[in-house]
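Trainee: Position chain D relative to chain X; hints supplied.
Just so you know, the protein sequences line up as chains X and D, in that order. Its first residue numbered 217, the first sequence is counted upward by one per residue in our numbering. Its first residue numbered 850, the second sequence is counted upward by one per residue in our numbering.
In case anyone wonders, no lab produced these hints; they're calculated from the structure. All figures in this text were calculated on a predicted structure; none of them were measured in a lab. Hints are supplied without guarantee of correctness; some may be wrong.
[Said to hold, decoys possible] Using 25 Å as the maximum straight-line C-alpha spacing, the simulated BS3-like pairs for lysine-lysine come out as follows:
1. X:K409 - X:K218
2. X:K236 - D:K887
3. X:K218 - X:K315
4. X:K447 - D:K900
5. D:K870 - X:K447
6. X:K411 - D:K1070
7. D:K1070 - X:K282
8. D:K1070 - X:K248
9. X:K248 - X:K411
10. D:K887 - D:K1256
11. X:K232 - D:K1256
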Amino acid sequence: MKVLVAVKRVIDYNVKVRVKPDNSDVDLTNVKMAMNPFCEIAVEEAVRLKEKGVATEVVVVSIGPKVAQEQIRTALALGADRGILIETEEKLESLTVAKLLKAVVEKEQPQLVLMGKQTIDSDNNQTGQMLGALTNMAQGTFASEVAVDGDKVNVTREIDGGLRTVALKLPAIVTTDLRLNEPRYASLPNIMKAKRKPLDVTTPADLGVAMTSTLSLVKVTPPAERQAGIKVGSVEELVEKLKNEAKVL
Amino acid sequence: MTALTQDALIERLSAIVGADKVRTDADSLETFGKDWTKIYAPKPTAIVFPKTTEQVRDIVLLANEHQLALVPSGGRTGLSAGAVAANGEIVVAFDYMNQISDFNAVDRTVKCGAGVITEQLQNYAEEQGLFYPVDFASAGSSQIGGNISTNAGGIKVIRWGMTRDWVAGLTVVTGQGEILRLNKDLLKNNTGYDMRQLFIGGEGTLGFITEATMRLTRTPKNLTVLVLAIPELDDVMKVLNQFQGSMDLTAFEFFSDKAMRKVLARGDVPAPFDSSADFYALIEFEAVTDADMDLSMSLFEQCVENGWVVDGVISQSETQAANLWRLREDISETISEWTPYKNDISVVVSKVPPFLNDIDEIVTREYPDFEIIWFGHIGDGNLHLNILKPDALAKEEFFERCAKVSKWVFEIVQKYDGSVSAEHGVGMTKKPYLKYTRSAAELAYMKAVKAVFDPNNVMNPGKLVDL
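Bound-form chain X, shown alone:
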């Protein structure tokens, strides 16, 4: 079974995000970039499927600038077999990404597509669903457990108030949630091996997808700064302040 994993290069989860002074966007100068954490979980799951003998090949695809090869190499070091970079300097929108992934799906014909439920930069949580609509493949979102069973995959989904397990007919799309697994570190020997794994570079034009934009970014603002707290002398004073200043009572 061939598994396709989509990964995105985003601002490192541990970095304190700063907004450009003119509020036009997030400031990315000299900022550490890394693989989106949900995508890491998707790669880990694919590699585990391969280790179990369920998957035969794990192909990882990323869309972005040339440097996004770093994230593909990381995925290869974690155990993916080969990589595809769709190189573009354009800003990425969910629908365009879904269209590009559809083109890759048509070409690669994977039985399973694994992707993060969302990326931590745009937080949209819609690319997997859009890809499902475009390809007419079954979809299981917010996965906390994935079990392939013959021509089906059972996906346990994290939903409000509990878990729901759905059986999807393959080929299918699964988007990963945080509890699905804990990604491993890339070992140094595997990083060295990953350098010799194939990585093909293509472009949106090669795939016949136009990078048309339907959204424009209006403004980015940082969250309001937290005001310093005060210490109150008595319960009465606290109640008084909650009533008259905070107006929550």
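Mentor: What follows is chain D alone, placed relative to chain X:
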């Protein structure tokens, strides 16, 4: 000199700092009377929270007038009982002197009250696009005043040195109650004795630091972390030489498998790899270009070929780097549950292998029933030897048995011209062992210096050196 009644004392202190800045409740006495050592029962008379250098001076003058003992208190994360008040002392806590001011982008300096928390300074530096490089596990609690008084080291010493290297200027109140401004933040100032250096690492025995001008530096780029599995202790130093010969490291730490197992057992830190070895090294460096990355890979390869290293991982993101660091940084806190007997010893780096062998031989011979946890800043020649208390053993008996072997450990330290306290300071726990590192003549001069600055022995008496 007249003795003060408790009420009169509180009244005098309140007159200096205000009644709301003097505490005598049981909780405060317990909290502010101790540090991370769990050996001495806290028993201070009062806790006082000055807000200005002048208030500190007035407290010191009062102490001289009535022969009161003062103990300085910062983040109380010390490991040598340097800030413990176990004999009815007055604790001077710097928590309210926590202002950061006078940032100077040209000099790359910033003024800190003694009570500024280390992490607060680190964050402030980051906001200015700069970096305060002294870092250790307790950075979220420890205060700058305490850092300077103990010349705190930590995990980045191999590249950026100790706290001493970042102090541009100091304001201190001496034991005589005089306010001194030392070094005026100058980079070059050859005008005789640099008294600033006496207060750095002075553990509050000569005077109290109330304010410091700290230097900042450029932010390192793309710090990348490797963790390597090393079966033989001897080979840890060979790995260090191999890496240091080719690249500048920002950290080189080591820890034993037993230490890592304790951290992993917490369940919130992921294991680096499936394989295990008796020892691990954590190496950090700046990966500015692809060439840096490639170099680290080829050094790793050479270490594997030489048979020193059996496995390794490298951080692919800051999140992973932070998680790998936790393997090392969480050790101290994790093992505190076992009331460890801690040693913080150092030798010059070249002597580490034979020194380690000697110590290892003694501890395995003398503590066959105890759990030994090794970790440390091995790139600085600094080792933390921790012995965990077996549940069945009473605390007193445990420390008594450890103290016996301490003597042998320190004799080895002396043989190799090392230090009985590399970065934890002396306080009360290391005071009896100072002679293994300091000569009798040195100790006599230290006493003489103490007598000059604190003739009435009111400043942190009983710590470091007796008058």
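Trainee: Indicate, hint by hint, whether the structure satisfies it.
Mentor: Hint by hint, here is what the structure shows:
1. X:K409 - X:K218: Roughly 21 Å between the alpha carbons, so the hint for X:K409 and X:K218 holds.
2. X:K236 - D:K887: violated (49 Å)
3. X:K218 - X:K315: holds (20 Å)
4. X:K447 - D:K900: Measuring from Cα to Cα gives roughly 18 Å; hence the hint holds.
5. D:K870 - X:K447: Holds. D:K870 to X:K447 sits at ~14 Å (cutoff 25 Å).
6. X:K411 - D:K1070: Distance ~23 Å between X:K411 and D:K1070 Cα, so the pair holds.
7. D:K1070 - X:K282: holds (21 Å)
8. D:K1070 - X:K248: Roughly 9 Å between the alpha carbons, so the hint for D:K1070 and X:K248 holds.
9. X:K248 - X:K411: holds (21 Å)
10. D:K887 - D:K1256: Given that 25 Å is the threshold and the Cα spacing comes to 20 Å, the pair holds.
11. X:K232 - D:K1256: violated (48 Å)
In summary, the structure is inconsistent with hints 2 and 11 from the numbered list given earlier, while agreeing with the others.
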